[in-house]
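J.: Two chains, each in its own frame: build the complex with the hints.
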Amino acid sequence: MKKKVLLVGGRSKSKSLALSLIKRGYQVTAINDIYDDCLKLAEIKKLSVIYGDGSKPFVLEDADAAAYDIVIALTSKDEDNLVVCELCKKRFHIKKTVALVSDPKKTDFFYKMGIDSVVCAISAVTSIIEQQAFVDEMANIVPIGEGRIQIAEVPITGSAPVVGKKIWEIDLPKEVIIGCILRSNTAMIPRGDTRILAGDVLVLISSSGQEIAAVKGLTGR
Amino acid sequence: MKLVSSKNLSEYFIIVGCGRLGANLANTLSEEGGNVLIIDKNKEAFRKLSPSFGGLSVAGDGTDFDVLQEAQIDKANVLVVVTNNDNVNVMIAQIAREIFKVNRVIARLYDPERECVYREFGIDTICPAILSAKEIDKMLLRTGSTEKLDKTACELKEGTK
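Going down the list, the sequences are from chains V and W.
According to the numbering used here, the first sequence is numbered sequentially starting from 1.
According to the numbering used here, the second sequence is numbered sequentially starting from 1001.
Chain W extracted, bound-state conformation (with noise of 0.2 Å):
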């Protein structure tokens, strides 16, 4: 998995929630010699770092604005959020647009039809069950499954927008 280029590699990344996706995240970004920095509420969740992660670890409440300052959330580049609450996902992601500036903000949203709460923030959006269906949908195309298939999982992705 290549997420950076070299050009970006004196780029300061902030992660919020130690989750499968954000360890994974942090891991590689790491990996790849950018600055990392990750936060969770939880302590234990760092465990899912890999013994090799170079950067730092913060525990605290991402909510919370001192949290972020400790992060030096002011010299972020990029701010991911991945919490597993959407509304926790949506709280962070305007806090770090509107009051700390970041330039680049990506948040993971279960829900999408919380979508138009982000969309005038410039808020990037990831969210896993339109990418799913959109790979199942390949995976089904590429397979040369038969027309039923195809219409579930299109009906599948209508859905969820």
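Looking at chain V on its own, in the form it has when it is part of the complex (with noise of 0.2 Å):
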């Protein structure tokens, strides 16, 4: 059976987040209290809209929350993030409950709350704009575990002090390791004798703040 996801509020990032699930194949339904937001995501094929204020239990129940795997609550305002979230759990036991959070200040709490997970815009924001701003040779970087965690793909090029040596002779930070090299088409989870080569792509994993250093460490730059 399809997955079925609630979004709630947000015009444009419930725009690109419908389609990008209805591409995934989940069913989506969006819940939006701005008639002229309903209409432009009423063009979005099989998507349903429903025109109303999703932190409102008749609009909830209305929508037959209660059937939803997932609800993502997208509003501008924390308050009714929080309260959509705690209403879909509470009163209709909708499994996981995404929200997203302007303050930053305020992650923790909406975990307190027993939001399952909270997404701060601006925190996000500023990493990525931080990682782009200093650490231009990184690929792509992932926070996993709420941003606890970063997993980044690092090129390797010939100039990088690195080329030639073994994984044990290199000076890592304490809390990243090489999880992978990506070599031409091949992925080989290196062991300490495995020597870097110039082409070389790794996949770091490592604890957040840890990626920097090592990424300055391992490309010299």
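Honestly, the hints are just simulated from the structure, not real lab data.
Keep in mind that a hint or two might mislead.
To be verified - Sample of chain W residues lacking proximity to chain V, with all beta carbon distances greater than 10 Å (derived):
| id | residue |
| --- | --- |
| 1 | 1019 |
| 2 | 1048 |
| 3 | 1059 |
| 4 | 1085 |
Said to hold, decoys possible - In silico DSBU-like pairs for lysine-lysine, Cα to Cα no more than 30 Å straight-line:
| id | chain 1 | residue 1 | chain 2 | residue 2 |
| --- | --- | --- | --- | --- |
| 5 | V | 56 | W | 1134 |
| 6 | V | 174 | V | 56 |
| 7 | V | 89 | W | 1048 |
| 8 | V | 89 | V | 4 |
| 9 | W | 1134 | V | 77 |
| 10 | V | 3 | V | 45 |
| 11 | V | 105 | W | 1134 |
| 12 | W | 1048 | V | 13 |
| 13 | W | 1041 | V | 112 |
| 14 | V | 89 | W | 1138 |
| 15 | V | 2 | V | 40 |
| 16 | V | 90 | W | 1134 |
| 17 | W | 1075 | V | 77 |
| 18 | W | 1048 | V | 112 |
| 19 | V | 77 | W | 1138 |
| 20 | V | 105 | W | 1043 |
| 21 | W | 1075 | V | 56 |
| 22 | W | 1138 | V | 105 |
| 23 | V | 105 | W | 1101 |
| 24 | V | 105 | V | 13 |
| 25 | W | 1075 | V | 105 |
| 26 | W | 1101 | V | 112 |
| 27 | W | 1041 | V | 56 |
| 28 | W | 1101 | V | 96 |
Unchecked claim - Computed spacing ranges between beta-carbons, pair by pair:
| id | chain 1 | residue 1 | chain 2 | residue 2 | range |
| --- | --- | --- | --- | --- | --- |
| 29 | V | 25 | W | 1061 | 37 to 45 Å |
| 30 | W | 1074 | V | 128 | 30 to 38 Å |
| 31 | V | 144 | W | 1010 | 46 to 54 Å |
| 32 | V | 116 | W | 1059 | 33 to 41 Å |
| 33 | V | 144 | W | 1135 | 51 to 59 Å |
Beta carbons: idealized from backbone N, C-alpha and C, even for Gly.
T.: Below, the structure is given as structure tokens:
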């Protein structure tokens, strides 16, 4: 059976999320309390749109909220997102609730209130900008575990100080490991005696905050 | 209106939302000798306070942890949230209970259906619609109204539960 996802609020966020979720085969419904936004959302094929305030219990009831697997609250107001998720959790027993929060200080508070996943747009954006600005050789970095762990892809150029070295010879920060080496078309799980060659792409797993030092050490920049 | 007994005089009250209810409550509590601090986003709202109001006022967003800390929420015995937005009231009440461990939290809730969100947190709620329905019901009973009117009031009460 298709997983059902309920999106509450948020115009452009809701739109792009709906498109990508539908593409991945989810059944998606959007609730929005701005009529014009509803019209925009309704242009998306296969998306059901409900006009109403998603923080009101009767609107959620009309939407048959209890039948959903995931609810994602995307409004611009923290209090609305909190109430939407709490109602979905407590009244409609939706398994997974995701809330967007704009005030970074409230992230922990939202988790404490029982919301399963809290996304703080501001801290996510600032950390991405930081990485882009200071570690431009890093091709891709993915935070997981609420940002406590980072997975980074690091391309090794010919001028990097680690070229030709074995892994155990490299001085990496304590909480960083090289989890995988992508060499031409193959992926290998390295051992201590694996040599790093120019053109390799290293996949690093590191605790948050260690990745920049690790990348500097590996690439020499 | 007697809201606090004399033994409560040294209590510290924080009121969030300086609307008609908030301002009225602040005036009364202050008159009775309580320490009152009132928070509102809009400075202009404090004009509703009476000239004799002896408490403090803080202009700021009551959902902001910094504003609440500035108001010394950790010292408050009672927090009353009466902004005109239910969701804001829910959030502030929960922040006060769960983060700052305020002993007594009272919130106004226009929509009684949201009560399930509050219940397990030990937050007292008052709902104007239910209170009004009860009062009207009482009035109708007192004036010896017809059976039909009684029934309407009861239905109204049931409907808002």
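J.: Determine for every hint whether it applies to the structure shown.
T.: So, going through the hints one by one against the coordinates:
{"no.": "1", "hint": "1019", "verdict": "holds (17 Å)"}
{"no.": "2", "hint": "1048", "verdict": "holds (23 Å)"}
{"no.": "3", "hint": "1059", "verdict": "holds (18 Å)"}
{"no.": "4", "hint": "1085", "verdict": "violated (7 Å)"}
{"no.": "5", "hint": "56/V <-> 1134/W", "verdict": "holds (24 Å)"}
{"no.": "6", "hint": "174/V <-> 56/V", "verdict": "violated (49 Å)"}
{"no.": "7", "hint": "89/V <-> 1048/W", "verdict": "violated (39 Å)"}
{"no.": "8", "hint": "89/V <-> 4/V", "verdict": "holds (15 Å)"}
{"no.": "9", "hint": "1134/W <-> 77/V", "verdict": "violated (33 Å)"}
{"no.": "10", "hint": "3/V <-> 45/V", "verdict": "holds (17 Å)"}
{"no.": "11", "hint": "105/V <-> 1134/W", "verdict": "violated (41 Å)"}
{"no.": "12", "hint": "1048/W <-> 13/V", "verdict": "violated (40 Å)"}
{"no.": "13", "hint": "1041/W <-> 112/V", "verdict": "holds (26 Å)"}
{"no.": "14", "hint": "89/V <-> 1138/W", "verdict": "violated (37 Å)"}
{"no.": "15", "hint": "2/V <-> 40/V", "verdict": "holds (24 Å)"}
{"no.": "16", "hint": "90/V <-> 1134/W", "verdict": "holds (28 Å)"}
{"no.": "17", "hint": "1075/W <-> 77/V", "verdict": "holds (28 Å)"}
{"no.": "18", "hint": "1048/W <-> 112/V", "verdict": "violated (36 Å)"}
{"no.": "19", "hint": "77/V <-> 1138/W", "verdict": "violated (39 Å)"}
{"no.": "20", "hint": "105/V <-> 1043/W", "verdict": "holds (24 Å)"}
{"no.": "21", "hint": "1075/W <-> 56/V", "verdict": "violated (33 Å)"}
{"no.": "22", "hint": "1138/W <-> 105/V", "verdict": "violated (46 Å)"}
{"no.": "23", "hint": "105/V <-> 1101/W", "verdict": "holds (17 Å)"}
{"no.": "24", "hint": "105/V <-> 13/V", "verdict": "holds (22 Å)"}
{"no.": "25", "hint": "1075/W <-> 105/V", "verdict": "holds (21 Å)"}
{"no.": "26", "hint": "1101/W <-> 112/V", "verdict": "holds (13 Å)"}
{"no.": "27", "hint": "1041/W <-> 56/V", "verdict": "holds (24 Å)"}
{"no.": "28", "hint": "1101/W <-> 96/V", "verdict": "holds (27 Å)"}
{"no.": "29", "hint": "25/V <-> 1061/W: 37 to 45 Å", "verdict": "holds (41 Å)"}
{"no.": "30", "hint": "1074/W <-> 128/V: 30 to 38 Å", "verdict": "holds (35 Å)"}
{"no.": "31", "hint": "144/V <-> 1010/W: 46 to 54 Å", "verdict": "holds (51 Å)"}
{"no.": "32", "hint": "116/V <-> 1059/W: 33 to 41 Å", "verdict": "holds (35 Å)"}
{"no.": "33", "hint": "144/V <-> 1135/W: 51 to 59 Å", "verdict": "holds (55 Å)"}
In summary, the structure is inconsistent with hints 4, 6, 7, 9, 11, 12, 14, 18, 19, 21, 22 from the numbered list given earlier, while agreeing with the others.
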